[in-house]
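Line by line, the protein sequences are chains A and B.
At position 135 of the first sequence (counting the first as 1) the number is 135 in the numbering used here, and the numbers step up by one without a gap.
In the numbering used here, each residue's number is its place in the second sequence (first place is 1) plus 1000.
Read the hints as simulated data drawn from the structure, not as lab findings.
Cβ coordinates follow ideal geometry from the N, Cα and C atoms, glycine included.
Don't take every hint at face value.
Covered, in the sense of this in silico footprint (three residues per stretch, anywhere, with C-beta under 8 Å from a C-beta of chain B), are these stretches of chain A [to be verified]: (1) 23 to 35; (2) 195 to 202; (3) 375 to 387.
Number of protein chains: 2
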Amino acid sequence: MYKSLIVLGLLFAITAYAEPRATGDLGLVIERESHSALIINTTQHRQLAKIEDLGDLSHASVVFSRDQRYAYVFGRDGGLSKIDLLEDELSARIVQAGNSIGGAISQDGKFIAVSNYTPGGVKIFSADTLEAIADIPASYGNNQLSKVVGLVDAPGQRFVFSLFDAGEIWQVDLHNPQQPQITKFTNIGKQPYDALITPDGRYYIAGLFGEGGMALLDLWHPEAGVKRILPDYIKPDEKLPVYKMPHLEGWTVAGDYVFAPAIGKHEVLVIDKRSWQLVKAIPVPGQPVFVMARPDGHQIWVNFAFPDNSLVQLINADSLQLSSVLHPGKAVLHMEFTPRGEQVWVAVRDDNQLVVYDTDSLKEITRLPADKPNGIFFSARAHKIGL
Amino acid sequence: MYKSLIVLGLLFAITAYAEPRATGDLGLVIERESHSALIINTTQHRQLAKIEDLGDLSHASVVFSRDQRYAYVFGRDGGLSKIDLLEDELSARIVQAGNSIGGAISQDGKFIAVSNYTPGGVKIFSADTLEAIADIPASYGNNQLSKVVGLVDAPGQRFVFSLFDAGEIWQVDLHNPQQPQITKFTNIGKQPYDALITPDGRYYIAGLFGEGGMALLDLWHPEAGVKRILPDYIKPDEKLPVYKMPHLEGWTVAGDYVFAPAIGKHEVLVIDKRSWQLVKAIPVPGQPVFVMARPDGHQIWVNFAFPDNSLVQLINADSLQLSSVLHPGKAVLHMEFTPRGEQVWVAVRDDNQLVVYDTDSLKEITRLPADKPNGIFFSARAHKIGL
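Excised from the complex, chain A in its bound form (with noise of 0.2 Å):
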């Protein structure tokens, strides 16, 4: 009888590894009240499991390795959690900083880099034991440290990110992870402030507060230094309250324009990518918060601050016009197209729920719970440089 149930019970573990699983549509929904995150698969449009005890998650993101087996979360509070998306389990976390602000995974995947605001500096682990590998003060001025924001991962195994105090911009090649070689880029302008990377991992653009007007730095050509682009497209005196400062993560590339959302202003920007002049200022009705491509660039879907968090605006990104208006609910605050840009998944935080829209009629799909979603993260981000 003993023996018997013994069998009986490893037929059962066999039964709940029967159906393996892969994981090109996995995806990870930040819980940010509940310090949680779920695994969620977007083709069956369902929640796989719950992963508990992530710390603080008021400004999370989150990378993939490689083989998109794992999920690398970025807390608040300086928390890497690493979760296992085939296995349900947070497999190993550290808190390594006091106050971070996110961070990105190096081109061969083996190394995670933190931005951190306390102490200022950015901090490189491994990816597969998060052991660390090095450390990066963000030093300027007279042994000062700075704020680093607009941390990302570029091409030639690099991470490129800014100091917000200092107002430089560095480049960190890893070809040697225990000699990082740092190339700073000084006198960028005042307050970068978020950043952002082109799809190909080319040009690194920093949204600078203190003085409007963005710092580029073309990848290919270090050597002539950091530009100054758009300089009017902040007037001060137009500004209104800035409810939540932009990220520039929320910015998009379609076609030949890049799309940008105005500083305190109810404005999309429409930048030309050769020139790096303004197209057009398309008025929206709010201040946008992202701005994203489906990923065939046809359309542009921007969600707004509070009190117009509640919209969704999709533009016409042929006819550069505004198009459809949806109501998904309450505090619209993310989110995630799928790969090839059929669906597209929002985290709506006060109704507690993530809809699912297809892009082409612009029908509702479902509606799954979450507890105050905001972020959402497919898996196919690990193949994409900058995400």
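Once you have looked at the hints, place chain B on chain A.
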């Protein structure tokens, strides 16, 4: 004793499943002459399994399911094989035509389309069961059937393909799979021999073997019809004998340019993606076959037809000048970049090898054996439009 053996057997079964496999870093290598394919892991540079009995693979291509669990192999003999990358097995196979030339997977991952020479047309199957869903004979003129080439998936749950004998481009909308909606573009030029779609899924371009030049369809503006571009790009009196028909799938988009092999010439053409005008014809040491951009678009890698098929020529996409030349071995037939571009795998048929390079240092990282490899396809293709 007997029960103990069962328990032991079950324990082994569990052990076999103990390390679950993620699917983000997998690939399939086609072994033409042995009718087989290798499942490989690009992180570990390792062969995981060999799948046999795949039929005639002389012009094989591969697409992946959206979860990256399954690879679909299109054989020359009309065979359509579904390979399970987690269980290392052939999970289904049909022979759906007498002679076929490639296929595609629908945007939502539910349908597989195959383009056939005999009988001329496109057949559509369930990606899940390979059950027949729709049959679209490529009929034209006096009830003739045309060979079908250049079949690609497009956003909006569409397939697009060209009719070689009819000189037509057809678009099929599969929103209602039982009743595909067909839009025909006629008189697009003589003998479209292959086609490509830009990575954003907007422009479909067919090469015209019967007259030189290309046919361009803007899928955002199908009402504008098909336009002729680059009418002079083949001047017949200059033609060299064409040893191998270039594949337009060997074209590439990088930054503002399209890079394409010139038919019957020792040149790579650089075409401006806004004006569709020729920017430059770059002389290269052979008749180019595949012209492929590293994912960051900074390097262009080119292989060649016989007798120059032991070379790989690199082009700097910034200066449009030739850079390094590599000598991977005898009969370089195909190349595939890792998704973020740090490495490239090269199929060297007559040396029975796969050669892996670091794309920065251009150093060889490793070689793996393979039986007459003629195609390499990585699972990250699952997330891309038109691949």
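Now the hints, each set against the structure:
1. 23 to 35: holds (count 3)
2. 195 to 202: Since 3 is at least three, the answer is holds.
3. 375 to 387: Result for this restraint: holds, n = 6.
Comparing the model with each earlier hint shows no violations; every hint is respected.
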